[in-house]
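Colleague: Add chain S to chain A, keeping to what the hints say.
Number of protein chains: 2
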Amino acid sequence: MSDNKPSVLVVGSVAVDWVITPRAEREESIGGAATFFSMAASYLSDVRLVGVVGDDFPKQGLADLESRGVSLDGLEVNSEGKTFRWKGKYHDNMNGRDTLDTQLGVFEAFDPKLPEHYQDTEYLFLANIVPALQLKVLEQMRTRPKLVGLDSMDLWINIARDDLVNVISKVDVLTINEEEAMLLTGEHNLVKAAKAIRGMGPDSLVIKRGEYGALLFHDEEIFSAPALPLAEVVDPTGAGDSFAGGFMGYLARGVEPTGQNLRTAMIYGSVLASFNVEGFSYDTMKDLSIEKIQARFEQFSRLTDFSRAEL
Amino acid sequence: MSDNKPSVLVVGSVAVDWVITPRAEREESIGGAATFFSMAASYLSDVRLVGVVGDDFPKQGLADLESRGVSLDGLEVNSEGKTFRWKGKYHDNMNGRDTLDTQLGVFEAFDPKLPEHYQDTEYLFLANIVPALQLKVLEQMRTRPKLVGLDSMDLWINIARDDLVNVISKVDVLTINEEEAMLLTGEHNLVKAAKAIRGMGPDSLVIKRGEYGALLFHDEEIFSAPALPLAEVVDPTGAGDSFAGGFMGYLARGVEPTGQNLRTAMIYGSVLASFNVEGFSYDTMKDLSIEKIQARFEQFSRLTDFSRAEL
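As they're listed, the protein sequences go chains A and S.
Mapped onto my numbering, the consecutive letters of the first sequence carry residue numbers 102 to 412.
Mapped onto my numbering, the consecutive letters of the second sequence carry residue numbers 102 to 412.
Treat the hints with care, as some may be off.
The list treats identical chains as one, so a pair stands whether inside a single copy or across any two.
[Said to hold, decoys possible] Pairs of lysine-lysine residues, derived as BS3-like cross-links and limited to a Cα-Cα distance of at most 27 Å, are as follows:
#, residue 1, residue 2
1, Lys247, Lys296
2, Lys393, Lys293
3, Lys188, Lys247
4, Lys237, Lys393
5, Lys183, Lys237
6, Lys296, Lys393
7, Lys214, Lys183
8, Lys183, Lys160
9, Lys190, Lys271
10, Lys293, Lys183
11, Lys190, Lys293
Read the hints as simulated data drawn from the structure, not as lab findings.
Extracted from the complex, chain A is given alone in its bound form (with noise of 0.2 Å):
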């Protein structure tokens, strides 16, 4: 049943959100880490997800995924309950956000079985849930996957911080945000909290800085992707998975996960990430193309290029 082609695999929430921004509002957005992640990743590599969504959920939001070639055979519909609901405010500047209302529905009960076909996916992300049940999805993997990554939240690091510190220690790459990195270890500075959280376990660290772009930590080097300025920021919600949709989705494709692979792979994260937050839900994700992701990694390339001189 196993497939060659190199695929990820992604386990994670399919939301419905109600996002409110200074100047629109959307009452049933379809977001989850899942969600956004998948649509960012089917441009770059084949995509396999797993997810529990209530009686719900709209039949729009299967049938996009499904048109990006996405595989849904892990995405469990769950008749009795409702899908998992996220309504959040963000703030002026679209930075911070307030979260409003949460109903974790479905996903309370959520316990992810991966497919027998989806057991030896070679990549593997374990987007932001309860600690222990990614350690469960990692334990259905019949082969080690070639790379891991992993998302996690500050309410994790909280009420589970065991668990979080033992699946931390099983991945090659964590995604974390700044503040969230600083919780972990308890260190003000980044280089520290960056070497702290390497001593956990993972190769590799990617601390997501929002709209300042984010860091890769690997080997004993530091890379740093900026993000692209825009002048219409029009809903943040789904931006980190987007990244870690691209960022993972690139290195799907095969390529080793060399430092210089890895950095690549933060601007693929970037780009898709950057796409993902011109529109509310993943509307400007659903009509992408190779040579439009091509021509924005290009504005990447400018947007950080300058010259060496002689003194």
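Modeller: Leaving out everything else, chain S in the frame of chain A:
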């Protein structure tokens, strides 16, 4: 009396700071925008300083500036008062800070007068002082400099906006921080704020973002300069002024202010700022060399280096 060697003239504060950080404190820390600017720029070009100090200014400060070749012909020593003093305390993450005390001293009546032989200087930096005085300095130049840079702060945006907008209209490069750019324009989006500011006059705009680096808006392009992640930030005081010193100091070597050269200047600014924050006052900028500066420039090259891929 004029001198044809490329030089940069800086007008701004010379101060004694009392700096408190989470791990250390220095009570008599020589500071001031013009001081940090001069120490940084001194490695790249000749520097002329215009400012004022009182009878209490440490002799060592003058000796340090002179040993770096900084011309102090424009530094007024006013024995009727005390030097500008600032006391501040940095937060745990070294980003934010609280001002605990400010004593303007002789700086309150500062009325900059350019020595005759400074009036043809080809590069001028108007560090953060009352906008009306910045304009007075510009009007004292016998010939319009090739390049004029200007810095300001939230205080002047709030209480002297008209004067500030007036002087901004006459300069080539404005350096300002992110929050100030938004305050000045009323825009929450940085790209829109940048457009509005360039509409006021300056060809180019540098948006300073502290530990996240800086953005340069030039021509129809944006350049993102990262900050170097450092394991030990001792004292961020003067980072922006050191940045400006490296930036203007490089341009004052006589390179044309093309977009590409402004980008290179941004990296020299970032290099000098990265050294500056590694010690109190300008400690770390006393014993630099072209070799050390170029080596760190290479670190910035590697920090931002990535390879393109064919998809």
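Colleague: Against each hint, give a clear statement of whether it holds in the structure.
Modeller: Each hint, compared with the structure:
With identical chains, the CA atoms of lysine 247 and lysine 296 are at most 27 Å apart within one copy only, with a shortest distance of 23 Å there and 46 Å across copies. Taking identical chains as interchangeable, the C-alpha atoms of lysine 393 and lysine 293 lie at most 27 Å apart only when they sit on different chains, with a minimum of 24 Å there against 37 Å within one chain. Taking the closest pair of Cα atoms, lysine 188 and lysine 247 never come within 27 Å of each other, the shortest separation being 36 Å inside a single copy and 54 Å across copies. Taking CA atoms no more than 27 Å apart as the test, lysine 237 paired with lysine 393 passes in neither setting, with 37 Å inside one copy and 50 Å between copies.
Only within a single protomer do lysine 183 and lysine 237 lie at most 27 Å apart by alpha-carbon distance; the minimum there is 24 Å, versus 68 Å between protomers. Proximity of lysine 296 to lysine 393 under the C-alpha cut-off of 27 Å is restricted to the inter-copy arrangement: shortest distance 25 Å between copies versus 36 Å within a copy. Proximity of lysine 214 and lysine 183 under a CA criterion of 27 Å is satisfied intra-copy only: 19 Å inside one chain copy versus 73 Å between copies. Taking the shortest Cα distances, lysine 183 and lysine 160 sit within 27 Å of each other inside one copy (14 Å), while across copies they are farther apart (73 Å).
With identical chains, the CA atoms of lysine 190 and lysine 271 are never at most 27 Å apart, being 35 Å at best within one copy and 41 Å at best between copies. In the homo-oligomer, the alpha carbons of lysine 293 and lysine 183 never lie at most 27 Å apart, since the shortest distance is 42 Å inside one protomer and 41 Å across protomers. Proximity of lysine 190 and lysine 293 under a CA criterion of 27 Å is satisfied inter-copy only: 22 Å between copies versus 33 Å inside one chain copy.
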